[in-house]
Amino acid sequence: MSVLASPCCSTPPEAAAPRTVMEIERLGLAYHGAWAFRDVSLQIPANTVTALIGPSGCGKTSFLSCLNRLSDLIPGCTTEGSVRLRGRDIRDRDVDVVALRRQVGMIFQKPNPFALSIRRNIELPLREIGVRDRSEVDAIVERVLREVGLWEEVKDRLQAPALALSGGQQQRLCIARALTLQPELLLMDEPCSALDPIASGVVEDLIAQLKQRYSVLIVTHNLAQARRISDRCGVFWVRGGTGGLVECGETGCIFECPTDPVTAAYVQGRRG
Amino acid sequence: MPRFDALLVHGAALTVAAVFCWLLGDLAWHGLGQIDWTFLTSAPRDAGRAGGIGPILVSTMLILAVCMGVSVPLGVGAAVFLSEYTATASSFGRAVGHSLDVLAGIPSIVFGLFGSAFFCVVLGLGFSILSGGLTLACMVLPILIRATEEGLRAVPDDVRHGAAALGLSRTRTLFSLLLPAAAPGLLVGLVLGIGRALAETAALIFTSGYVDRMPESLMDSGRALSLHIFDLSMNISGGNANAYASAVVLVVLLLAINLTASWITGRWLHRRSFVV
Numbered sequence: 000m001s002v003l004a005s006p007c008c009s010t011p012p013e014a015a016a017p018r019t020v021m022e023i024e025r026l027g028l029a030y031h032g033a034w035a036f037r038d039v040s041l042q043i044p045a046n047t048v049t050a051l052i053g054p055s056g057c058g059k060t061s062f063l064s065c066l067n068r069l070s071d072l073i074p075g076c077t078t079e080g081s082v083r084l085r086g087r088d089i090r091d092r093d094v095d096v097v098a099l100r101r102q103v104g105m106i107f108q109k110p111n112p113f114a115l116s117i118r119r120n121i122e123l124p125l126r127e128i129g130v131r132d133r134s135e136v137d138a139i140v141e142r143v144l145r146e147v148g149l150w151e152e153v154k155d156r157l158q159a160p161a162l163a164l165s166g167g168q169q170q171r172l173c174i175a176r177a178l179t180l181q182p183e184l185l186l187m188d189e190p191c192s193a194l195d196p197i198a199s200g201v202v203e204d205l206i207a208q209l210k211q212r213y214s215v216l217i218v219t220h221n222l223a224q225a226r227r228i229s230d231r232c233g234v235f236w237v238r239g240g241t242g243g244l245v246e247c248g249e250t251g252c253i254f255e256c257p258t259d260p261v262t263a264a265y266v267q268g269r270r271g
Numbered sequence: 000m001p002r003f004d005a006l007l008v009h010g011a012a013l014t015v016a017a018v019f020c021w022l023l024g025d026l027a028w029h030g031l032g033q034i035d036w037t038f039l040t041s042a043p044r045d046a047g048r049a050g051g052i053g054p055i056l057v058s059t060m061l062i063l064a065v066c067m068g069v070s071v072p073l074g075v076g077a078a079v080f081l082s083e084y085t086a087t088a089s090s091f092g093r094a095v096g097h098s099l100d101v102l103a104g105i106p107s108i109v110f111g112l113f114g115s116a117f118f119c120v121v122l123g124l125g126f127s128i129l130s131g132g133l134t135l136a137c138m139v140l141p142i143l144i145r146a147t148e149e150g151l152r153a154v155p156d157d158v159r160h161g162a163a164a165l166g167l168s169r170t171r172t173l174f175s176l177l178l179p180a181a182a183p184g185l186l187v188g189l190v191l192g193i194g195r196a197l198a199e200t201a202a203l204i205f206t207s208g209y210v211d212r213m214p215e216s217l218m219d220s221g222r223a224l225s226l227h228i229f230d231l232s233m234n235i236s237g238g239n240a241n242a243y244a245s246a247v248v249l250v251v252l253l254l255a256i257n258l259t260a261s262w263i264t265g266r267w268l269h270r271r272s273f274v275v
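Chains A and B, in that order, give the protein sequences.
Numbering that gives the first Met the number 0 applies: residue 0 is where the first sequence begins, and numbers increase by one.
Numbering that gives the first Met the number 0 applies: residue 0 is where the second sequence begins, and numbers increase by one.
No wet-lab data here; the hints were simulated from the structure.
Each residue gets a CB set at the ideal place from its N, CA and C atoms; glycine is no exception.
Treat each hint with caution, since some may be false.
Derived contacts from chain B toward chain A, CB cut-off under 8 angstroms, selection only [what the hints assert, rightly or not]: (1) Asp157; (2) Ala163; (3) Gly166; (4) Ser168.
Calculated Cβ distances over 10 angstroms to all of chain A for the following chain B residues [as the list claims (entries may be wrong)]: (5) His9; (6) Val15; (7) Asp45; (8) Arg48; (9) Ala88; (10) Ala162; (11) Leu176; (12) Ala180; (13) Met213; (14) Thr259.
Just chain B, with the same shape it has in the complex (with noise of 0.2 angstroms):
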């Protein structure tokens, strides 16, 4: 007879993929009938209850492409600064570190609030996607520099010192060695931040806003995928089809994300260590 705490592990565990199964399970019910090349391309009409997703995805894209071409050097650099060039002791870099913890956990609502304020406003980059990018930036920044830090700090003392005396510069050895090193942390951080880029809403109502036109520029507004399931679901009577069609391609796009992520790090590892 199987013990109780066995019985106990087993079944959480079946209860947390049960969940997830179901989750995905009702996505795909619901919404996988609607999916078809139309509804990937062309503009939603009739407020969304009809018509499709093009512009929103164009929309998602652009938003995803200005907050990661900003957020990856920025965390890249800070991370580099905090594990190469600080001290884990220092005041500095615990005080550095334990600002990005917090920052980490702040409410998305917060830095919308923040990224209307600052970017739209003060900055006058009013309702755009230029907005909405760079208030992502702000939020996903915490955790790709906290992963690529991870990443840095895991690389054993021996690379560094065995470089030095080699007389390789800092700047060779962190290029050659070292961010090959940290690659796959970097890349954990970078699936996480996009996935949370692209999950959110509240932070982008106020910044990159509702307008669900094709975007001619940086600065047109456009809608986020996961905001138009919010407004498609919320605010729309009716639209509850298209608002499941929309969910079940954010997850697929998740999914594919996080899944290349995992085969290039498999990849990456497997090249540098064992025979080609």
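Okay, chain A solo, but in the shape it has when bound (with noise of 0.2 angstroms):
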């Protein structure tokens, strides 16, 4: 499967050039053998929202986990391709994963904020890489929890359970955590779908902020929310059994102009 340059994108990509954060190339992922997704190049430019589309079961899931290596966790998975951060190939053998993971963020479908104190959720990330002193860790848990617009509403139970949060409360603190790491691309996995439309909302007007100081790449399966927050869009369909990316090129001309009939199709609501 290739992919199309959308004509309608007039704006040549040398004009604005931004940095590239990550490419992939061809990457594959397969279970046990079967193909969740194979073939698969993109590359995802820094300061941007790029977002993934498409029906479920299309590896969209799976791709992300491949980003910052979590895909080691699942048993009987195996990979194909490369992924270049910086460069350097994250599935070289010798890559120290740990330190990957502090470089790519993850923000899961269900928030998943650990069964400890608000402040301590924060913390322990800071603790592993050696952020001990208290002050310190109190800058950056304010820094943080700014830049997810949770401050006001914790600032004065941060010893409180991060359980007792609400669940948009509990993912922006999930964001807020992956934040602490300053990591350089940041991974969501339909972040607002286990949300309410308000909170939803409010991590929305969050993911769109936060592009100013990272890279963020997100899955949704939410078309109009794909159109209101991404800047570049990628549409994954299953064609033979096998996952793949159809289309990929800025949000507009996706939406507007897609090259692909199955693109076409998926985001005029004709099919998907």
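With the hints as a guide, bring both chains together as one complex.
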């Protein structure tokens, strides 16, 4: 499957030429020999939100899990191709997976704060990288909670259990927790699908702001959401039992003048 | 009119409760009268017909301490290995699981014979509190491992994946997240294990021995509480009164441990998930 450039994207790529955070080439993943997706090539530019859309079961989540090698944890899972972060292939045998996961943060579909206090949730990854100084930790806790707009809501109860927060607050806490390590890239796997519309809207606004400092790759089932928050958009589809990237380009192009008939049918709500 | 099946289940529940109450009542009726501070602290006289259970309580606690001191670290280690470092489906994990289940079902007298042959003779520890405690440790290990493993497996994979995605090391994930979450399971195993150890007679006859003197070290022989009850009621004529009193002490001990454990679990779960 080739990635077609949409013709309506008149701006030549060299014009803005944003830095590329991650280059993915011919990536594939199989569970016990059955390909979930294959032959996916994609470049993720810095300070943009890239959305991946497509129907369920076409390999989007599996694709994300390759990018921080969380796929290593799934038994019977094999991958092929290359994923370059700062020019280095993260699939290399000698890559420090723990260090990689600090550079590539991940937000899950279901908010998964640890059963600890709000503060401790943020403190845990910091301690892991050796930040123990109380005032430094305090400063970072405040910074990340402000970044996700949670500071005013929880500043008086940092010691309260994180699980006592509402779903939307929990998800923002998870984002804050991922930001503590200042990752190069944030992977988000349908971060709003477990939230009510209002909480979902808050998280969406947050993602749109995050791109000023971070790069985001988000998987979503919600086409309207992809259209609202993403700069670039990729469409996954299943062909012959294996998922793949059908088309990728500027979000506007994907929705206005898609080149692939499958994309056209999907974004116009005729399929999928 | 209540239906027949409702009557049946209520009847069954009532019967169980009645048996339990009768047992407790009988014990209290016969035993409570003898219990006072002197009984708890003084040494048995006249083969236990008179006097108290002081040295026997001390021996029991020492045996229990040895047993738990050895089995808890080993058991938690094994449980972590089974649930975190071996795949559930792997043949090795399954084999270990099966052997643990078989081990848990082995009659305690067999453990007693094994302990006697191995700890007392081969390792040369003799009839001692140490031998008894180690034998009991072998016996409660399967219970402890299974309960802790269940506790760890019940922790959703979300936690493991979330921790991995944050770049937390395996050790930190284990100690900061998984073990605290599995603590209630561990505690259940601990209570079951202590219960089994406290109730044990057969495994201790051949290992920690029969001597009812105050133990001076772990290498001394010491008589456990349940063994004392067994001896008084089976071998000593006229020992029934003190056997009842000792049984009351044993039951109260078990109840206290049980209640403490469930109280701790309750507090723990409350503190972790709700507003403090």
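A quick look at each hint next to the structure:
1. Because the beta carbon of aspartate 157(B) sits about 4 angstroms from the nearest beta carbon in chain A, less than 8 angstroms, this interface hint is met.
2. Contact between alanine 163(B) and chain A, as hinted, is supported at the beta carbon level, the nearest pair being about 6 angstroms apart and thus within 8 angstroms.
3. At about 4 angstroms, the closest approach between the beta carbon of glycine 166(B) and any beta carbon in chain A falls short of 8 angstroms, and the interface hint on this residue holds.
4. Annotation: serine 168(B) was flagged as interfacial toward chain A, and the flag holds, the nearest CB pair being 6 angstroms apart, inside 8 angstroms.
5. The non-interface label for histidine 9(B) is consistent with chain A: the shortest C-beta to C-beta separation is roughly 38 angstroms, beyond 10 angstroms.
6. Interface exclusion of valine 15(B) from chain A stands, the closest Cβ pair being 35 angstroms apart, more than 10 angstroms.
7. For aspartate 45(B), the condition that its CB be more than 10 angstroms from all CB atoms of chain A holds, with the nearest at approximately 56 angstroms.
8. Annotated as non-interface, arginine 48(B) keeps its C-beta farther than 10 angstroms from every C-beta of chain A; the closest such distance is 54 angstroms.
9. The claim that alanine 88(B) is not at the interface with chain A is violated, since a C-beta of that chain comes within 10 angstroms of its own (minimum 8 angstroms).
10. For alanine 162(B), the requirement that its beta carbon stay farther than 10 angstroms from each beta carbon of chain A is not met, with the minimum near 8 angstroms.
11. The beta carbon of leucine 176(B) is not kept farther than 10 angstroms from every beta carbon of chain A, the shortest such distance being approximately 6 angstroms.
12. Consistency note on alanine 180(B): stated as away from chain A, yet its beta-carbon is not over 10 angstroms from all of that chain's, at 6 angstroms minimum.
13. Annotated as non-interface, methionine 213(B) keeps its C-beta farther than 10 angstroms from every C-beta of chain A; the closest such distance is 46 angstroms.
14. The Cβ of threonine 259(B) lies farther than 10 angstroms from every Cβ of chain A, with a closest approach of about 22 angstroms, so its non-interface assignment holds.
Hint compliance for this structure: hints 9, 10, 11 and 12 are broken, all remaining hints hold.
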